[in-house]
Amino acid sequence: DQQVKQNSPSLSVQEGRISILNCDYTNSMFDYFLWYKKYPAEGPTFLISISSIKDKNEDGRFTVFLNKSAKHLSLHIVPSQPGDSAVYFCAAASGNTPLVFGKGTRLSVIA
Amino acid sequence: DAGVIQSPRHEVTEMGQEVTLRCKPISGHDYLFWYRQTMMRGLELLIYFNNNVPIDDSGMPEDRFSAKMPNASFSTLKIQPSEPRDSAVYFCASSFNPIYGYTFGSGTRLTVV
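Protein chains in written order, with the numbering used here: chain V, 1 to 111; chain E, 1001 to 1113.
No lab work stands behind these hints: they were computed from the structure.
Note that the Cβ used here is the ideal one computed from N, Cα and C, for glycine as well.
Hints may be right or wrong, so weigh each one.
[Stated by the list, open to error] Which residues of chain V face chain E? A partial, calculated answer using Cβ under 10 Å:
| hint | residue |
| --- | --- |
| 1 | Q2 |
| 2 | V4 |
| 3 | Q6 |
| 4 | Y32 |
| 5 | E42 |
| 6 | P44 |
| 7 | P79 |
| 8 | Q81 |
| 9 | G83 |
| 10 | G95 |
| 11 | F101 |
| 12 | G104 |
[To be verified] Listed next, with one range per pair, are the computed distances between beta-carbon atoms:
| hint | chain 1 | residue 1 | chain 2 | residue 2 | range |
| --- | --- | --- | --- | --- | --- |
| 13 | E | P1070 | V | T45 | 26 to 36 Å |
| 14 | E | R1022 | V | A111 | 32 to 42 Å |
| 15 | V | G60 | E | N1097 | 23 to 33 Å |
| 16 | V | S8 | E | D1063 | 32 to 42 Å |
| 17 | E | F1074 | V | T45 | 19 to 29 Å |
[What the hints assert, rightly or not] Reference excerpt, derived from the structure (chain V facing chain E, CB under 10 Å, subset only):
| hint | residue |
| --- | --- |
| 18 | M29 |
| 19 | L34 |
| 20 | F46 |
| 21 | A91 |
| 22 | N96 |
| 23 | K103 |
In isolation and in its complexed conformation, chain E is listed as follows (with noise of 0.2 Å):
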């Protein structure tokens, strides 16, 4: 298995342009996960999904941000307009049971300009 699959690795846009992140997960696993790394809040959970199905959305900043999962192989997190304190690398984690861990992707690192 690849792993979790993140697109695109870097990105760069303008404030007030739409960003959309995407995700793969490890086939079979039930839980995904999207979280945002900065200096200041460390690795602070956005939303989660169970059986595609989003269970908790608290840790969504603003209506800015939105994330869907159409399938069990995708999930997207569109951040629009985008603001330069969005500025952070976003995982994406999948897990079969998240007390078990997770397996992270490789990350997008966003920067907005």
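Isolated chain V (complex conformation) (with noise of 0.2 Å):
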């Protein structure tokens, strides 16, 4: 019963080229949604979020699309560098309830 969901463990793109990486989630509460990074060894951090009074938001190379009715979030990167290549999270919360995270999907950027 995840209730955020990442149904693909993995993805591999070309440098310079475009990174989308998903996100479902089932619980039409969420109001504030978020990507975290991760690299090996370290903990997880924070990339971008978008709250649900918006679809769209933008932070430098990377961008988050919301869709509501959908329940379907995801984060674009371009272009795509080999730094890039981590496990991705997706999260999701209401109110001031904790962060429920997905699986995480591992992007790996070969240049």
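Make one complex out of these two single chains by using the hints.
So this is what it looks like as structure tokens:
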């Protein structure tokens, strides 16, 4: 009964191309969504977020899109760089409740 | 600020032994979270505290797990007795407001043999 699902365990992309990481959620009460990035032997670090009143948020090479009707969000990285290779976690919350995380997607950017 | 500090970074122990994981949150953060990462379940919340008070421990897998926060700058997660299935990476995170995200520690990799 995972409330936040990342159905692709891994993704490989060539350097310079677009990386698209997807996330689905089931709880319609979620009103805040975040992406975290995790390198090996380190803790996850915050990357970008979006609230449910928006459908897009952009920060440099990173853009998050939210489709509330489909309960779907995606993270676009353009252009992808080798340093982007990491595990990306999607997370969601409502009010002050703790973040619920997906299982993560391992992104490999190939030079 | 040095961020969220966890110790030890690695712990290898024998089945049946007691294990204690430690966390020092960022000063001023009122929320502290313990997560466990496994391949099967991803990042799952074990327990969280607000102002040193446990708010929700429904994620704690069994009575073998316990957590305390005796003051605003220290928390422990204890497993007694440990079992091989407890092997995972345990993360501590802190936040001043959960909706704005957390700062995670580097984690403790626990191996129970």
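Hint check results:
A distance limit of 10 Å between C-beta atoms decides the matter here; for Q2(V) the minimum to chain E is near 8 Å, and the interface restraint holds. About 9 Å separates the beta-carbon of V4(V) from the nearest beta-carbon of chain E, less than 10 Å, and the hint is met. The beta carbon of Q6(V) comes within 8 Å of a beta carbon in chain E, closer than 10 Å, and the hint placing it at the interface holds. The criterion of a C-beta within 10 Å of any C-beta in chain E is met by Y32(V), whose closest approach is roughly 5 Å, and the hint holds.
Because the smallest distance between the Cβ of E42(V) and any Cβ of chain E comes to about 6 Å, under 10 Å, the interface hint for this residue holds. Interface hint at P44(V): satisfied, since its Cβ lies 5 Å from the closest Cβ of chain E, which is below the 10 Å cut-off. Annotation: interface hint on P79(V) violated; nearest CB of chain E at approximately 25 Å, more than 10 Å. The closest approach between the C-beta of Q81(V) and any C-beta of chain E is roughly 23 Å, which is over the 10 Å cut-off, so the hint fails.
The closest approach between the C-beta of G83(V) and any C-beta of chain E is roughly 19 Å, which is over the 10 Å cut-off, so the hint fails. For G95(V), the suggested interface contact is upheld, since its CB lies about 7 Å from the closest CB of chain E, less than 10 Å. Because the smallest distance between the Cβ of F101(V) and any Cβ of chain E comes to about 4 Å, under 10 Å, the interface hint for this residue holds. Contact between G104(V) and chain E, as hinted, is supported at the beta carbon level, the nearest pair being about 6 Å apart and thus within 10 Å.
Under the hint 26 to 36 Å, the C-beta atoms of P1070(E) and T45(V), about 28 Å apart, fit the expected range. Restraint check, R1022(E) to A111(V): a C-beta distance of roughly 39 Å satisfies the suggested window 32 to 42 Å. With their beta carbons about 24 Å apart, G60(V) and N1097(E) fall inside the hinted range of 23 to 33 Å. Here the CB-CB span from S8(V) to D1063(E) is close to 36 Å, well matched to the stated 32 to 42 Å.
The supplied range of 19 to 29 Å is met by F1074(E) and T45(V), whose beta-carbon atoms lie about 23 Å from each other. At a threshold of 10 Å, the smallest CB-CB gap from M29(V) to chain E is about 13 Å, leaving the interface hint violated. Contact between L34(V) and chain E, as hinted, is supported at the beta carbon level, the nearest pair being about 5 Å apart and thus within 10 Å. Nearest Cβ of chain E to the Cβ of F46(V): about 5 Å, under the 10 Å cut. The hint holds.
The beta carbon of A91(V) is positioned within 10 Å of a beta carbon in chain E (closest approach about 8 Å), and the interface hint is therefore held. A cut of 10 Å between beta carbons decides the hint on N96(V): the least distance to chain E is about 5 Å, and the hint holds. Interface hint status for K103(V): upheld, as the beta-carbon distance to the closest one in chain E is roughly 3 Å, under 10 Å.
Hint violations for this structure: numbers 7, 8, 9 and 18, all remaining hints satisfied.
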